[in-house]
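Colleague: Protein chains in written order, with this note's numbering: chain A, -17 to 278; chain B, 14 to 185.
Hints were generated in silico from the structure; no laboratory data involved. Wrong hints could be hidden among the right ones.
Here are some, though not all, of the chain A residues that point toward chain B, as calculated from beta-carbon distances under 10 Å [as the list claims (entries may be wrong)]:
no.	residue
1	Ile7
2	Ile18
3	Ala30
4	Trp125
5	Gly136
6	Ser191
Straight-line alpha carbon distances no greater than 27 Å define the calculated DSSO-like cross-link-like pairs of lysine-lysine that follow [unchecked claim]:
no.	chain 1	residue 1	chain 2	residue 2
7	A	Lys21	B	Lys147
8	A	Lys193	B	Lys147
9	A	Lys193	A	Lys204
From the three backbone atoms N, C-alpha and C, an ideal C-beta is built for every residue, glycine too.
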Amino acid sequence: MSRILRRTNENATLAQMLLQRLDFIAAVFISLALLIVGKIDDGFNQRAQAVIADVAVPAAEFIGKPIVWAGEISDLVNAYLVESEENARMQAENTRLRQLEPRLVQLINENERLRDLLSLPPVTDSPVITARSVTYPGSPFLWTTLLDAGAADGVQPYQPVIDHNGVIGRILSVGDSSSRALLITDLNSRVPVMVLETGDRAILEGDNSRKPQLAFLEAAHKVEPGFRVVTSGDGGVFPPLLPIGVTEIEETGMLRVVPSADMARLEYVQIIQHEEPAAPEEQEPVAVPENEGANP
Amino acid sequence: MRSTSSKVPHGILGIVPFLLAIFGAVVASLPLGIDGGANAGLPLSLIIVFFWLARRPGLLPSLALLFIGLMHDALSGAPFGLTALAFLAVRAFILEQNVFAFSQSFLLGWIGFAAMCAGVLLFEWLVMSWYLGKFLFAPPFFIELLIGILAYPPIAAICGWLDFKVFGIRKG
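Isolated chain A, as found in the complex:
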């Protein structure tokens, strides 16, 4: 009897071990399959991550609330401690902005008049969607962040994302209530840019460092450190003249851009619902009078 019981126990243990092995092999197989499918089909990761992110973002927001509160309390304490200093600084800034206001109005009027003279269409402000960056953007191999706005809010892939300092990236993937932004520092990011002071055009290439590099710049460029870099508008993804950062030259001679936005401390961002203007071929053709060309 005891021998039968022992054998039954042994069989049960064996079955459990077998089950564990199968469990392990299945998990490894699924992981490898997902990894390989993601490598072959570029959109697979984005679609799958968007589905899980829709669930994970509210959880991250809920769990992250104490961190947000701690930050707000710290800001409040700071504001209280440096209140008079902060007030003086803000008053000085307000005075400076008031002095600039007449000049700004003059420039706007002049710009409108010149656009009228050149028959250019008026500049329209694209609508924006405000979202909060929920996750930390940096990791050793990726620079992306999850935003708490998705397709239900009107977010679409490729829309530019900015914060109050300048461009931070573009939308990579969209879920129902969340989206992922690819930052300009990421290895996969390419943004057509222009150096404001010289008019030189280049491509801003991320390389996972905090300062993306300027590539495809003309050999005879006259770019110096501290020059402002803005979007050129080429390609149509980003509207032109959005600020990105300032140039910096490494000892090796490589040109890099120090982004105006602090990628490690993103909070509220704006997603621009920018639409590329219609290409000239798609515009309505100008009617040519029938008798034109009949006379010499």
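Since the structure of chain A is already known, use the hints to place chain B on it.
Modeller: Just chain B now, with coordinates in the frame of chain A:
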């Protein structure tokens, strides 16, 4: 692989390590600001997974590790399957090599974690370099390793306290 059935504890409380690892994946994705802007994160879920695999491997079966890894990848934006594969490799190493010594002393656990964390980060660096077609900027990996090694003692202490409170048997 060594049988761990005898270590599977009782009832619904057995889900505690799994929930902790999920919680760790979510917390690690939050802007904690501990890397000083060095572009490195806190390998919190790896610490939790390592601790519980060393103590009570039966509570983190392979499919649970797969789920934790996928959750981690969805939050961090890493390719799907990468973290799960790393966690499964950690499990295989701990169980196959029969290195339960990690749970016998704190120092051994710490040294074991340091070695495991270095291995996991090296694995992730290699896979990501293959994935993206070029070698990645390596310094953030070293910073993440350093953060992980420094963060292990307090997190392991919390997990150890939970282990005692929930399962009632002090080990290590």
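Colleague: Could you run down the list of hints and mark each one as holding or not?
Modeller: Results for each hint:
The interface hint given for Ile7 of chain A is met, as the beta carbon of that residue sits about 8 Å from the closest beta carbon of chain B, less than 10 Å. With its C-beta approaching chain B no nearer than about 8 Å, Ile18 of chain A sits inside the 10 Å limit, and its interface hint holds. Because the smallest distance between the Cβ of Ala30 of chain A and any Cβ of chain B comes to about 5 Å, under 10 Å, the interface hint for this residue holds. About 7 Å separates the beta-carbon of Trp125 of chain A from the nearest beta-carbon of chain B, less than 10 Å, and the hint is met.
For the restraint placing Gly136 of chain A at the interface with chain B, the shortest Cβ-Cβ distance is roughly 22 Å, beyond the 10 Å limit, so the hint is violated. With a cut of 10 Å, the hint placing Ser191 of chain A at the interface with chain B holds, because the nearest CB-to-CB distance is about 6 Å. A threshold of 27 Å between alpha carbons decides the hint, and for Lys21 of chain A with Lys147 of chain B the separation of about 14 Å falls inside it, so the pair holds. Restraint check for Lys193 of chain A and Lys147 of chain B: the C-alpha separation of about 18 Å stays at or below 27 Å, so the hint holds.
Restraint check: the Cα-Cα separation between Lys193 of chain A and Lys204 of chain A comes to about 20 Å, which is no more than 27 Å; the hinted pair holds.
In the structure shown, a violation is registered for the earlier hint numbered 5 alone.
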